[in-house]
Each structure stands twice: as C-alpha cells, then as structure tokens.
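Chains as they are written, first to last, in my numbering: chain P, 1 to 328; chain D, 1 to 277.
Worth flagging that the hints you see were computed from the coordinates, not collected in a lab. Note that the Cβ used here is the ideal one computed from N, Cα and C, for glycine as well. Treat the hints with care, as some may be off.
One-sided excerpt, in silico: chain P residues whose CB lies under 10 Å from chain D [to be verified]: (1) Ile29; (2) Tyr32; (3) Cys72; (4) Gly100; (5) Pro103; (6) Glu105; (7) Asn117; (8) Ala120; (9) Phe125; (10) Ala273.
A few chain D positions that, by computed beta-carbon distances, are all more than 12 Å from chain P [what the hints assert, rightly or not]: (11) Phe53; (12) Phe109; (13) Tyr113; (14) Thr117; (15) Pro123; (16) Leu259.
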Amino acid sequence: MLRFTDENLTPAQLTSFVMQPIVRAAGLIKTYADSPMPAVDGIDFEVQERQCFGFLGPNGAGKTTTMRMVSCRARRSGGVLEVMGLDPSRDQRRIKEHIGVVPQETNLDTVIRVGENLFAHARYFGIPKKEARSRALEALKFVQLEDRSEWDVEHLSGGMKRRLLIARALINRPQMLILDEPTTGLDPQARHLVWDRLRELKRQGVTLVITTHYMEEAAQLCDRLVVMHQGKILVEGSPRELIRDHVAPEVVELTATDQPELARLVVGVADRAADHEVAGDRLILHVDDGEAMLRTVNDSGLGYETAAFRPASLEDVFLKLTGRTLEE
Amino acid sequence: MSIRGPGSLPPGVTFTSVWRWPRPSFRMAYRMWERNLLSYSHRWHINLVPNFFEPFFYLLAIGFGLGKFVETIKGVDYARYIAPGLAAVSGMYGASFEVSWNVFFKLHFAKLYDAVTVTPIDPEDVVVGEMMWGITRSLMYSLPFVLISAFFGLVHSWWVLLTPVAGAAVGLCFSVMGLTFSSLIPTSDFFSFYWTLFLVPMFLFSSIFFPIDSMPGWAQSLAWFSPLFHSAALFRELFGTFGTNIVAALGHFVWLLGLSAILWPVPQNIFRQRLVT
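Just chain D, same shape as in the assembly (with noise of 0.2 Å):
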C-alpha cells in the first residue's frame, strides 16, 4: 500500500535550515516514548515472541545448516562467525521498520504528530522521541538474538555484557537515518529504495556472510562507509568472536554515534518545518 504524504518538501527548506543545531527537550522526548510504549503494550505478547523465533531459525539454518558446509571462517565455527552479525543485522531492521513506515503513517495518515504538538512537546522532541523508540525496537530484536547465541555457545567473551549498549548505538545510527529519509520523501513508495538500494545491500556485503577481505579492495573501502559494516565488527567483538579487542571496539561504537551526531540535526529541522508550517 502506498501512502501519499504532501507530495514534496514543505517549501523554505534549504541547506542551512536542514542542518540547524535543534534544542529537543529529552523530557518532552519521553513523553513522545511512552506514549508508543502504551500503544505497544496492547500488542507486545504477539510482537516479542517472533522476535526470538528470528534468530532462533536464521542460526539453525543459516550458521548450521550452511556451516556443515562452510565449516569454518579463519579457524572459527561458521554459526559462531556469523551470530553477532545477525545480532546487528535484527538491530538493524528492528529500528527501521520503527521509523519508516510507521513514523511515516503516524506523520502523513494518523497525524499523530499534529495532535501531540499542541502540547508542550514540540516537533523536535517528537523526532527524539522516535528516535528513542528506534533504539528501544532496536534492542528488543538484538538483544534476544545475543540471548540465543549464548544459548548455543557461540559467545566466548563476557565483553557481551556491553552489547546493550553497542546494541543502543547501533539502533540510535539506524534510527536517525531512518528518520531522515522518511522526513524527505513524498510518499511510502520510496521505502522500497531505502530497503532494496540500502539496506539489503548493506546486509549482504557488510561482513555479516563472510569477511570483507574476500572482496576486492575497492568493495572493501566501500564497506567501511556501511553503518552495518560497524555494528557487525562492533558485535564481533563482544562476543569474542576472534579475541576482543576493546580499542577497535571502541571505534566502531564511535563511528556509529559520529554518523549519528552529523545525521542529527536532519529530521528534526524537516519535522518542525512540516509541523509548524
């Protein structure tokens, strides 16, 4: 289904307006959360269970069944190579699926968003508030997935504690892209690029499969400008898939809250200007 929004950008937006430092209040932010944590709550019984079923069959089929054949990746079973991988990966869509469709519904159908800003909460707040939501989505697909790993042995290091957090960058980063494309586009349709010409890429060529230094050297740079890319190594490490290594670890975490901080200032300044016209 297709859901026409106004049709282009609300007019006065240029290069600068979009990229104006925003002042979100995070209490009002909250508000913005809770308020989709009470629409949740009334669908969160059907919601959670697939969200362990997921990770539960990608390892059975994906990392045993494929591994049987693979055997192993630089000395390591298959399945524990590519579980924190599919941990990013669940983190990944778990955000977008957030703020896509659902942020575009609740900005151009339900006009959720105008009935919440004649309150103190104002299009920013709204924005953080969403992007708040992104990551505790985001987390709820991750976090069963390292649950489930640990289940089957595929985490050796107890660096895995820290994975609510790298789990949290990594669905904040999903979230303020997310949240940026949705605030541009005209109509729902152009979801379907964000996810063929994006997103599935993304998931097939960030090392989740197989380590990026089976493609050619070009490929390789180009990973490295993948979001996922950096969730996946981040996850790796945690989980001591190859050793953890804290240092590296700690780039990747900050490459993700980097792209983050930059991205920031997007979706707030395009809300405010579709809100407050």
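Looking at chain P on its own, in the form it has when it is part of the complex (with noise of 0.2 Å):
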C-alpha cells in the first residue's frame, strides 16, 4: 500500500514514485528488412497511467509501427521498450493480457455474430463462458449496440464496425486501450460518440493511447501528444502547450483572385505577421492580434477575394513542423 504521507520521500521522489509510466520509450528504432528508412528512428516517449497520449504525423510518420511495437505485434530493431514494467519481446503474453487493441484495419470476425464477436474475444482471454456473456452484453451496451448482438457483422455500418472494435478492445477490461486511428473514415455523428466513449473510458481510469492526424481529435482528447515525421518525434507537450510554443495566437487566412495579387499581398503585408505562408491561392498570416492584422490590410488598400481570422490549432502547428506537402 501506498503511503503519501511517508516522511522518508521526497516530494520528487514521491511524484517518480506516483507517475510510473505505463510505456517508456526511450531510443526505439524499428528498420524493415525491405526498407533502407527506418519506420521508427531512434524516439523517446513516456506515457502516464490514466493519461490519453496521441500520436500526431502525416501517414508514413511510423505512428502505426509504433503502436505494433507497443501491443507486442511489431519487434523492436534497438532501444529500449517497456510497457507496464515488462519487455514486449519476452512478456508478451502477460502484457497483452492487460491491454485492448482498435486497429485501424477493421478485423471483425466476419462468420460470427455481432454478439459472438465479443463472446469469442473474451474467451480468447480465457474468460469463463458466462463471464463472457454478460462481459459482451455489457460492452454492447457501452457502445449502444445492445440492439444488434444478433447481426451479421457485414451488415453493420462503418461507424457502428467501429465502435464494435472498440467495445471488442474493451472485453478483457483492460489498464491501456491502444486505438489506431480510432475515428478515420466516420461522419461527425459517428465521431462524436466514440470521442464521448472514449472520454468516459478516460474517466473510469483507462490509459488511453491513440494515432490520429485528426487535429480536432487530438484537441479534444489528448493529455499529451508527439508530433510524429518521418520516424522522429518533432516536438511534445499538451495541445495547448504546442499551440503556445510553436505558432502566433492569431491566424488570419487572405484569398486572392489571381497570382499577382497574390503577389502584391505579400510584399504588401507579409513583413508585419510573426510568420506567414504561401498555400495556392491562400496567404497564411501568423499573428498576435488578427483584428488589427485585418485592419492593417484594409488600410493598406490591397485587393484580396476573402479574408478570415480564427485563433490558431493544432492543425497549424502540424503544418507548420511537417510542412505542407503530400508524404507517400
């Protein structure tokens, strides 16, 4: 038993003490024998227990190796991995005892029920036969599936596929719920209720860790995040935290009709904003007050077709660290 008032602990001692993570990376590389990049290049990363940490990155970024590397899938080629204290290379059975796993591929088992899905899941952990039955009934219902345990598989729809993998990661109850791209390819309805699901998972103690380049969702759910690219970690911090160290508070967005004035915009104002961008027929100003950055342009006299100011996100620190272009 813990004893917080234990006069012997430091108070740092104390908080190491609290705080184990719950994974520890530190160095992880993973190299494909086919590939002369390495997928994973040399990252540290902790993540604390009751924590949700995302993983941000373009595709390619190794986000996904990453996640295998975790949930004992993918053999780490150097460094050092431990997921709850234990070596996924030698404890691997003990560890994914302990944890759940939303792929991003959905991998129902398409022969068997709906219900039977979660029922067969369950006995792969061993569950008593009975246990099993009210464990899936439960995670039905967790998700808003009850109705549905006597479906075929095949005729659920994309959102609901997906939150069945996730009641399916849920059977074994499990301390870390590791969700790969836990809402690509579902309409705002849909997402909404797995973000709402997943908070209250978060609430009850789960330690969620997830992969996305959804900004908005890393907003909305994460504790922590990496920006992942090109095997490395860029940066880390709390969403609120990159947003304050990488980009101004403001953004203001111009259209232009044509290239020339375009052009004649950025001579005209670029100089003024913390930083600025050229995006087809866009210029991104980064500024500190947008309102005053908008009447600098109107005062200025230049054409533009549109201009917009909104508050800086996650998705501008994303663009601004892995640059603009298409990675594939």
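The task is to assemble the complex, starting from two chains supplied on their own in separate frames and drawing on the hints.
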C-alpha cells in the first residue's frame, strides 16, 4: 500500500513513484528488412497512467509501427521499450492480457455474429463462458449496440463496426487501450459518439494511447501528444502548450483572385506578421492580433477576395512542423 | 477466385528461422480451436450430412459397381479392399480443405489472426489451434466412413475401435503439411498445385484402388514416401481387411507422427514472422 505521508520520501521521489509510466520508450528504433529508411528512428516518450496520449503525424510517420511495437505485434530493432514495466519481446502474453487494441483496419470476425464476436474475443482471454456472455452484453451497451447482438457483422455501418471494435478491445477490461486512428472514415455523428465513449473510458481510469491525423481529435482527447514525422518525434506537449510554443496565437487567411494579387499581398503585408506561408491561392499570416492585422490589410488598400481570422489550432502547429507537401 | 497475399515471404525468413523449435501453449491453442467450433456451429447441420453421403456413394459406385468387374483383390471383395483406403482419403481431404483455403483466407483476407494475436494467444498457438481444428474436421470426414463401412459389413476387426486415434494421426499429418504450404504461398492460386500435383496423385497411387505391388519397383519405393499410403495401410490394418498386423499398424502410425514432427516448426515460425513483423 502506498503511503503518501511517508516522510522518508522527497516530493520528487514521491512523484516519480506514483507516476510510474505505463509505457516507456527510449531510443526506440524499428527498421524493416525491405526498406532502407527506419520506420521509427530513435524515439523517446513516456505514457503516464490514466493519461490520453496522442501520436500525431502524416501517413507514414511511424505511428502505426510504434503502436504495433507497444502492443507486441512488431519486434523493436533497437532501443528500450517497457510496457507496464515488462519487455514486449519477452513478456508479450502478460502484456497482451492487460491491453486492448483497436486496429486501423476493421478485422471483425465476419462468420460469427456481432455478440459472438465479443464472446469469442472474451474466450481468447480465457474468460469463463458465463462471464464472457455478460461482458459481451455490457460492452455492447457501452457502445450502444445492444440491440444488434444477433446481427451479421457485414450488415453494420462503418460507424457501428468501429464501435464494435472498441467494445471488443474492452472485453478484457484493459488497463490501457491502444487506438490506431479510431475515427478515420466516420461521419461527424459517429465520430462524436466515439469521442464521448473514449472520454468516458478516461474518466474510468483507462489509459488511452491514440494515433490520429485529425487535429480536432487530438485537441479534444489528448492530455499530451507528440508530433511524429519521418520516424522521429518533432515536439511533445499538451495541445495548448504546442500551440503556444510553436505558432502565433491567431491566424489571418487571405485569398486572392489571381497570382499577381497574391504576390502584391505578400509584398505589402507579410512582413507585418510573425510568420507567413503561401499555400495555393492563400496567404496565411500568423499574428498576435488578428483584428489589428485585418485593419492593416484594409488600410493598405490592397485587393483580396476573402479574409478570415481565427485562433491558431493544432493543425497550424502540425502543418508548420511537418510541411504542406504530401508524403506518400 | 484468387486471393492475393502479401506477394512473398516476410523478410527475415531463413532456413534456421523456419526450423527453430516453437513453444506453443496448448491452452491458448484450444481457445483458437474453440472459435472455429463456434463458427462451425452455425453450419454443422448443412456440413456434416454430406460427410455421410460421400462415402455411401463412393462405396456404392466403386466398391459395389466397379467391384462387380474387379471381383477380388488378394482374395477379398473389392468393396472390402477399398473401404479403409477411402476412409483415409476422406480424412486427408477433410483436413486439407480446412487448412488450405480457409486458413489462407483467415490469414490474408479476413485478418482474423491479427485480431486473435492482440490477445494472449500468440501466432504459434494460432497454428496449433488450426492443426487441432484440422484434426477435428478430418475426423468428421473419416469416422462417418468407418461407420458406413461397418454398416456394409466391410470391417472385420475390433481394432477398428482405434480408428479415431489413427484418424487423428492422419488429420495431424495432413494439417501440418497443408499449413506449411498455406504459410509459404503468396496467392491462393498455388493451392491448385497442392491439389493436382500432390493430393490427387497420392489419391491415385497410394494403394487406395489397387495394391502397390502391381506398380514398378521405383513407383513402389516412391509410394513409401506418400503420407496417404501409410494412412490407408494403417486403416486397412485396423479394419482387418487382410487380418490385423498391429506392429505394421504401429509402424505406419509412427511414420505419420514422424513427418508431422519434422514439419511441425515450419508453419509456426512462418506464421510468427507474418503476424509479428
């Protein structure tokens, strides 16, 4: 039993004792034999218990590979990786006993029914039959699919399948849930329902590790996140910290009717902003005060098509760090 | 229909990595087996019935139809001669169907094993579970044959009570071979090679329809390498077709287990490298 009043421990020791990370990676590397570039190139991170930890990055950044290593489905090529204090390359059965995995690709068992998917998954964990049935029902209720238990999996919509995958990952009551792009391809209603369920899990004390390329998702769910790019971690922090540290607080976006007009805008006002970018027909100005910037633009008499200002978002951080070009 | 797998073997597959001795957990393998039973439970009534009709028609057409012209082989009725061989054949096909297309589909297309291996079940356990299920399906085919044969009076020894054990060895041997093949091939098209160049020739030249004595010497030696030859011979001893030589039966039994033991590590290691990248 932990005694917080123990006078022999300094506050720092106490913190380190209580905040035992559930995942710890140091210099973690993954190379595949068929590729010259490492998929994961020496990353360090720690996921604390009860946290929602996000991996943000464009496709091919190494997020999924990292998730696979944490969930014992890819062997690391170098560095240190500890999950719940155990080594995934040796104690995989014990680790897998206590984690839940929601894969990016839907891999439900299509020859058995919806409820049976959960029952079968519970049995993979060796949960007794009676208990497995009650847990299957409980998990279906949690994702609001209790009336679909007897359905064929193929008859579910994309959003329902995704919820069923989450229900399946919860069947062993995991300490940590690993979600690889949990809402990719879902409509807004389905996405919000998934987010709502994930927040509920967090309240219940489940550690969440998610990968996403939706900034809104990361901002909504994550306590801490890292931005990954080409196998490396570029920055780490809370969503708020990342916005504060890497971009100016407000963004003004101007669109021009043609390229000469755009060029005139760049020459005329870009140096008044903390930072600026040109993307297609848009001039994006990172500024401290958006309203003041708009006044400046209007006072200058330069022409433009539309103008808008908004607070800086995680997306701005993301694009600034990983660039606007497609990496595929 | 052709189902494409990843195109080739996973990188890192070498001779030594393939033959490394695996350490599966039978407790975990049982859980994989149980899932197959659950999925089968939805369609057993449509699946099991044909298993009884097939031997019935075979015996009727070949045993009693063709048998009218062949009359006797080494002094026994033709139907009595082919019954144990056909029981072995149905055991061979029962296991082979299960661990070829079905397993390939589950591995590459349904991604079932990806879902299973996030639980405490490891790839090695998946393979052993599929072997156990292959044995189960094999017995679902061969044992009805034994029953139908007994019904037609083609069984002449109480040793026949050991056919479930013999049938399990047959099922194991063909499951291990089929899983080895399934784990190696890049597309499901390759199964036609397995069928036409391996199973069908065995079916025709493993003393099922005629004794191998009638073949040239080299072909007889070749037959000794056929798992189906040993399966059929084992069933023939237990049926008491020419009396029962239990030492010979044991020899065939050990041969089947021996081949299974040799190939045993291959599919387990390849599956591990396919599923844990």
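Structure versus earlier hints - violations, ascending order: The structure conflicts with hints 1, 10, 12, 13, 14, 15, although it agrees with all the remaining ones.
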